[in-house]
Amino acid sequence: MAVILKNHCLLITVLFLCCFCSWRQINGYESLFHPKDILPLLPRQVSWPIINSLHSAVDLLPAFMGAASIEGNNTLEWKGACFYKNIAWLELHNKSKSQFGGGTLHIKVSNAHSWTCLDLYIFATPYRVTWDYYFLSREHTLEIKEWKSEAELDYVKNRGVSIFLLQAGMLGTLSAIWNAFPLFVNNGWGEKSNIGFLEKHMGASFEERPQPWVTNLTTDDIHSGDFLAISKIRGTWGAFETLEKWATGSYAGHTAVCLRDAEGKLWVGESGNNNDKGEDVIAILPWDEWWEFELTKDNTNPHIAVLPLHPDLRAKFNETAAWEYARSMAGKSYGYHNLIFSWIDTIDGNYPPPVDAHLVASVMTVWNQIAPEYGSNLWNEALNKRLGTQNLSLPDILVEVEKRGSSFAKLLAIPEQDDWVYSDGKSASCVAFILEMYKEGGLFGELANSIQVTEFTIKDAYTLNLFENNSSRLPKWCNADDTVKLPFCQIRGKYRMELPGYNSMDLYPHMNERCPSMPPKYYRPQGC
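Taking mature numbering (1 follows the signal peptide of the UniProt record, and there is no 0), I'd label the letters of the sequence shown as residues -28 to -1, 1 to 500.
Straight-line C-alpha distance at most 16 angstroms; calculated EDC-like pairs for lysine to aspartate or glutamate:
1. Lys448 / Asp192
2. Lys466 / Glu180
3. Lys493 / Glu171
4. Lys80 / Glu111
5. Lys67 / Glu118
6. Lys120 / Asp368
Have a look at the derived ranges for each label pair, beta carbon to beta carbon:
7. Arg445 / Glu180: 22 to 32 angstroms
8. Phe212 / Thr191: 24 to 34 angstroms
9. Glu345 / Lys51: 31 to 41 angstroms
10. Glu374 / Trp449: 57 to 67 angstroms
11. Lys57 / Gly303: 50 to 60 angstroms
12. Thr292 / Glu374: 45 to 55 angstroms
13. Ser70 / Gly38: 24 to 34 angstroms
14. Ile59 / His482: 40 to 50 angstroms
15. Thr361 / Lys457: 47 to 57 angstroms
16. Thr361 / Gly160: 42 to 52 angstroms
17. Ser109 / Glu374: 26 to 36 angstroms
Hint data in this document are derived by calculation from the structure and do not stem from the laboratory.
Just so it is clear, CB atoms sit at the ideal spot from N, CA and C, and this is done for glycine as well.
Use the sequences and the hints to build the structure in full.
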């Protein structure tokens, strides 16, 4: 009884403070508290649902405020989450008596919306990333004892130090971490979290299908060139696919393709298959082996659909050429080199807020320091190709871009080329591997040389007008147990798969080289 009374008293006190705070703000005074700042004082069963409704995993992403320049140049000003008036400038000095000297970043914060809030910041150059938080209205300083090289000194002289704000504040950031963590968990909680994220940020729907959730299919009805769309919704791969879907607008996160050999045996070609060494490689597997793994060993709860080629294109498909290409790629590494570049086509039209090219550069910088070899595989070689350089490190790439009077945003938007050869050979993501096979098999016709399939996302692939458009020609087992007749054949999964724009777009030169992809509508202008 005492506990209940205590909770009631606490609740009444907090509600009074909330009302008082609102009254003070309406009447032009600075609040002692902001309602969101005192939510943790409420009982957990009351506070956390409110906090979680106000924030999501996306709030982990910091927003670029600008770059603090050398004192005497333009002073950077912005509005923070806690402090509504902020200015910053950079002072160069050599207090450390080092070769390149150091600097002091001055940040003056004021006009806090309450006495209990604070702002969290990340500061970055191509050579370093650090962070700090500010609770008091005054001038703060961030000391940089020594610049790492002459290149970093030249960079900050010309471009300053980038400043990023965690807009959700301390409480919101902690809530965002709490919301992001389960995306990677391989259980029902993780699955629910991934579904919730996609529903909230993409407008996706997850309607449950009637059982059985695995189709009793006949492989005789599956042919060379048939496309396999796959969606994983829990575990590490599920989380990765969720973020990929959100960024690109794709409603599938992985793909594979079917092939029949000269004896009629059915195989699956897949870029991103995990081999015995734990490496993601391009593999050609017997259908039975691949399907058995998806049914019994894949713990990401994969949802799988067969997208049959149109009969006219199936008759045109050169299986010999397709097999030749597939065998030439078997065993090569998954196409990490061009993975992100199929997504980024424009300077600012592909980044879900608050992501932008400045944040991408900073994330790459952090990753480059933690795992330089992995970072090199993901983007360094590809960025060098876009610059026409060789073996430049990420910091050197960022500096070189500025020297040329360009920007990192423009560099990222340069289209990938299918004929680029990387240190480990040609690079093909899961979808590029299939579309390159289609090109080799003659499905792109005279347009083959004017289309770069490494620029295609999974959405770009399944919206191509290449697939069966007559439901009467679909196999009898296709969606036989479902009350909704999809235009493709879902063969596994509890939830009904949706592929917006499926089978609707004709090929054209330089397709998908300049397309925006902003959630939640993912508007795509004609001819981009």
